Amino acid sequence: MGHTSTATIITFVAYILGVFVLAGFSHKLLSKKSFMGEYFLGSRGLGSWALAFTFAATSYSGGSFTGYPSLIYSYGWILAFWIASYMVVPICTMGVMGKRLNQVARKSGAITIPDVLRDRFESTALGLFSTCTIIFFTTCNLVAQFKAGALIVEETFNLPASWGYVGGLFIFGFTVVFYTSYGGFRAVVWTDVMQGVMMGIGVVILVPVVLYQAGGMENVDKMIHEQPPTLVTSIPPKKAFNDLYVEAIGEVQPAGMRYRHPNRADAPLEVKWNPNDAADGGPFIDVFLATNAQNETTSTANDVKAAIESHPAVGPLVNVGYAFENEEIDPHTGESKGATGVISLAAAKTLKYVFIRGDEALFGPGRKPDGSPFHPLGMAISFFFMWAISGMGQPGTMVRLMAFKESRTLKRAILTVTVYFGLIYLPLVFIFVAARTLLPHIPQEDSDKAMVLVATRVVSEMGLGYQILAAIFVAAPFAAVMSTVDSFLLMISSSFVRDIYQRTFNPNVTERVVKWASYTTTAVVGTIVTVIAMKPPDFLQFIIVFTGGGFACTFLFPTLLGIYWKGMTRQGALASMIGGFFIIVGLFSLGYVLPYFGIDMAGGRINLFGFHPVFWGLFGSCLLAIVVSKLTGPAPEHLVRRYFYKQPPKAD
Amino acid sequence: MAESSSQPALEVDPIYRNSLREAKFILGLWACCFVWTVGYCYFYGYLSHEPLAGSTGPAVTNLLGPLKSFDRDPKSLTYPLDLGVPDWAFYGIVLPWVICTVLSFWYGLFFFAEDDLSDGADEEEE
Chain A
1 MGHTSTATII TFVAYILGVF VLAGFSHKLL SKKSFMGEYF LGSRGLGSWA LAFTFAATSY
61 SGGSFTGYPS LIYSYGWILA FWIASYMVVP ICTMGVMGKR LNQVARKSGA ITIPDVLRDR
121 FESTALGLFS TCTIIFFTTC NLVAQFKAGA LIVEETFNLP ASWGYVGGLF IFGFTVVFYT
181 SYGGFRAVVW TDVMQGVMMG IGVVILVPVV LYQAGGMENV DKMIHEQPPT LVTSIPPKKA
241 FNDLYVEAIG EVQPAGMRYR HPNRADAPLE VKWNPNDAAD GGPFIDVFLA TNAQNETTST
301 ANDVKAAIES HPAVGPLVNV GYAFENEEID PHTGESKGAT GVISLAAAKT LKYVFIRGDE
361 ALFGPGRKPD GSPFHPLGMA ISFFFMWAIS GMGQPGTMVR LMAFKESRTL KRAILTVTVY
421 FGLIYLPLVF IFVAARTLLP HIPQEDSDKA MVLVATRVVS EMGLGYQILA AIFVAAPFAA
481 VMSTVDSFLL MISSSFVRDI YQRTFNPNVT ERVVKWASYT TTAVVGTIVT VIAMKPPDFL
541 QFIIVFTGGG FACTFLFPTL LGIYWKGMTR QGALASMIGG FFIIVGLFSL GYVLPYFGID
601 MAGGRINLFG FHPVFWGLFG SCLLAIVVSK LTGPAPEHLV RRYFYKQPPK AD
Chain B
1 MAESSSQPAL EVDPIYRNSL REAKFILGLW ACCFVWTVGY CYFYGYLSHE PLAGSTGPAV
61 TNLLGPLKSF DRDPKSLTYP LDLGVPDWAF YGIVLPWVIC TVLSFWYGLF FFAEDDLSDG
121 ADEEEE
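Protein sequences, first through last, are from chains A and B.
Residue numbering for the first sequence is 1 to 652, as defined by the working numbering.
Residue numbering for the second sequence is 1 to 126, as defined by the working numbering.
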């Protein structure tokens with residue numbers, strides 16, 4: 001709220017203009033080369049830097065980029081473990097398939113991933129199913145990304161609440177659809193490079209600045225050790241100032257605090273406390289909220305604060321204060337009116353918050369506000385698969401592996417990204433652990449803004465140079481969203497134009513038609529997504545994780561085994577793809593449906609045995625590929641000969 | 001994958017052979033990191049190894065059996081080399097990260113075969 005400075009707006013606008021200029025240059029190149037290969041694949045001419053940064057930028061989506069810092073802020077050092085597999089992500093995602101996929105694609109002249117699969121197995125069904133999967137997951141993801149982009153624009157330009165979201169959506173939508181459809185693949189890659197370089201510079205400079213302000217990492221760790229156990233309430237939906245922080249300071253330590261609905265009309269606000277109640281890991285400070293005649297809660301956070309402070313037994317045990325930026329300021333006097341929002345709670349519901357010690361941020365598993373573990377073993381294992389293995393199977397990044405010029409390009413790109421990720425992901429942990437001491441008590445659902453807040457606060461008293469640096473950080477999530485959206489837009493229009501229209505219906509389509517079909521599809525898809533996003537979905541992060549996992553479960557094994565295993569058959573590939581698709585869609589949607597039958601699945605997905613659905617999807621997809629291929633083998637002789645053996649000197 | 005081919009005259013594609021060798025190295029590296037990092041961090045970096053609260057079914061956390069003796073005491077925390085990184089994260093994450101970076105360079109500079117991709121490929125561009 002209100003963190004916009006002139007420097008931010010100037011940087012933002014300059015950034016958008018820069019993107020348009022790049023699109024213009026890229027468009028010029030389009031007219032010189034074979035249109036489709038250039039528009040969707042940059043004529044396989046990517047150099048090392050371009051490959052490295054387009055890869056890095058595509059793999060961190062908007063969600064993960066704002067999500068990661070905010071999670072560090074909330075849970076601390078455990079996030080170093082959460083992100084740990086990035087130590088091998090560059091070499092895994094680019095090295096395992098890179099050279100070979102590039103070669104296979106060249107052999108058949110493929111320009112999309114469905115192209116590769118269709119040619120490698122000579123199966124139209126495989127081509128079409130993979131195309132439909134791409135369209136399905138990409139559309140889901142695009143809607144979520146568009147929402148993220150719109151929110152950032154709304155926030156940055158401080159647009160009024162009445163039309164801010166829609167306004168932000170149009171600004172975001174227009175920018176990204178325009179430069180993507182006009183410039184094509186090369187424009188996308190160039191903007192990725194620009195974004196990647198900015199981000200890298202930003203992080204590298206911000207680390208010493210933040211650490212200096214926080215008095216060094218040792219000091220940060222010491223302060224974290226000494227922080228009293230604290231809880232910060234965060235009550236959805238977020239519409240009012242109703243968050244408080246509570247610190248435990250007394251002799252007796254409560255386990256936490258519960259907001260409870262008294263379940264009767266016209267009840268007064270009551271604080272209850274029984275130090276001997278050990279149920280549910282207690283004792284808890286129970287706050288029974290006041291209700292009106294309609295049995296709706298009416299207590300404001302201010303009321304709760306006063307009631308706790310005046311309670312003879314509970315008052316001395318805790319300090320209560322307003323959470324970060326959670327005070328209403330009187331516009332005339334400039335004085336704080338406190339947290340004036342009503343805490344709304346559905347009948348018979350309880351919101352539980354536990355006290356979390358400061359030093360828990362230095363260890364695993366990290367606890368969520370309600371006390372459940374953030375990163376239990378099953379998740380730790382799953383995330384090692386999620387980043388490194390599932391990262392290999394993203395069509396959006398795989399298609400980039402088909403675009404580089406020579407082996408040497410790939411090698412240099414792997415080394416560049418290795419260094420780049422090392423410089424970005426670990427230092428971010430330092431920055432945002434330090435942020436906990438610089439800006440305490442940010443409620444969980446606001447912690448997405450941690451990145452912006454840190455960047456702007458920390459440099460607010462420094463020179464203009466630093467302010468522009470901070471502005472780059474504000475633009476960073478926007479850039480991250482854009483770099484994901486642009487590649488997805490291209491992927492979806494290449495699906496329509498290349499995979500469905502040209503390869504299935506009309507192989508002899510002329511270049512002119514292809515050209516206009518490509519521009520139009522990219523623009524139309526972008527417009528449709530903008531319209532859908534006007535009524536935005538909830539659970540942004542959820543959708544992003546779902547689609548990323550979905551891609552991996554459908555594309556990784558058909559492609560990976562397809563290029564390395566001679567014995568893979570088209571039936572095996574198809575089974576692997578369909579199986580993976582239904583496992584992940586099934587586990588996610590069951591988690592969504594079961595609560596209606598009274599089975600509660602926290603997180604909206606089913607973590608079988610504590611593992612993430614992505615883990616199961618990958619497992620099933622791999623198993624099906626091998627078993628079905630064995631059953632339906634051997635693979636056609638001419639395909640094996642074509643893709644796995646040196647070609648005899650051209651006879652035809 | 002060592003199915004002998006029926007055509008002795010055919011020569012295995014060198015790019016396929018080299019890529020497979022490289023892929024095996026990388027997946028091996030991934031597996032080592034996985035075992036070391038997950039193992040080390042879970043055993044030495046967690047305050048609590050309790051079964052998941054509220055989980056009914058068998059979860060992987062529960063299958064490992066009681067690990068109470070590994071629950072970390074916050075007071076025992078050290079910061080190796082005074083870098084401000086908690087010890088478990090240093091040995092479990094930072095150290096292998098550095099090693100992986102070195103190995104990635106070794107892979108790129110000495111292991112990776114710079115195959116000629118244009119060779120034998122029928123470019124579709126005219």
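To be clear, the hints were calculated from the coordinates, so they are not data collected in a lab.
From a predicted model like this one, the values you see are computed outputs, not experimental measurements.
The C-beta atom is built at its ideal place from N, Cα and C for all residues, glycine as well.
Misleading hints may appear alongside valid ones.
As the list claims (entries may be wrong) - Capping the alpha-carbon separation at 30 Å, the derived lysine-lysine pairs in DSBU-like fashion look like this:
no., chain 1, residue 1, chain 2, residue 2
1, B, Lys68, A, Lys222
2, A, Lys352, B, Lys68
3, A, Lys349, A, Lys337
4, A, Lys368, B, Lys68
5, B, Lys68, A, Lys566
6, A, Lys630, A, Lys107
7, A, Lys646, B, Lys75
8, A, Lys368, B, Lys24
9, A, Lys405, B, Lys24
10, A, Lys630, B, Lys75
Stated by the list, open to error - In silico negatives: residues of chain A with every beta carbon more than 10 Å from chain B:
no., residue
11, Met217
12, His261
13, Pro262
14, Asn292
15, Lys305
16, Pro316
17, Gly338
18, Phe384
To see whether the hints hold, each was checked on the structure:
1. B:Lys68 with A:Lys222: At roughly 26 Å apart (the allowed maximum being 30 Å), Lys222 of chain A and Lys68 of chain B satisfy the hint.
2. A:Lys352 with B:Lys68: The hint holds at about 26 Å.
3. A:Lys349 with A:Lys337: Holds, at about 28 Å.
4. A:Lys368 with B:Lys68: holds (21 Å)
5. B:Lys68 with A:Lys566: violated (48 Å)
6. A:Lys630 with A:Lys107: holds (26 Å)
7. A:Lys646 with B:Lys75: Given that 30 Å is the threshold and the Cα spacing comes to 63 Å, the pair is violated.
8. A:Lys368 with B:Lys24: violated (38 Å)
9. A:Lys405 with B:Lys24: holds (23 Å)
10. A:Lys630 with B:Lys75: The hint is violated at about 55 Å.
11. Met217: violated (3 Å)
12. His261: Nearest chain B Cβ is 21 Å from His261 of chain A, so the label holds.
13. Pro262: holds (25 Å)
14. Asn292: At about 33 Å from chain B, Asn292 of chain A clears the 10 Å cut-off, so the statement holds.
15. Lys305: holds (29 Å)
16. Pro316: Holds, because the least Cβ-Cβ distance between Pro316 of chain A and chain B comes to about 25 Å, which exceeds 10 Å.
17. Gly338: The assertion about Gly338 of chain A holds, with a minimum of 34 Å to chain B.
18. Phe384: violated (5 Å)
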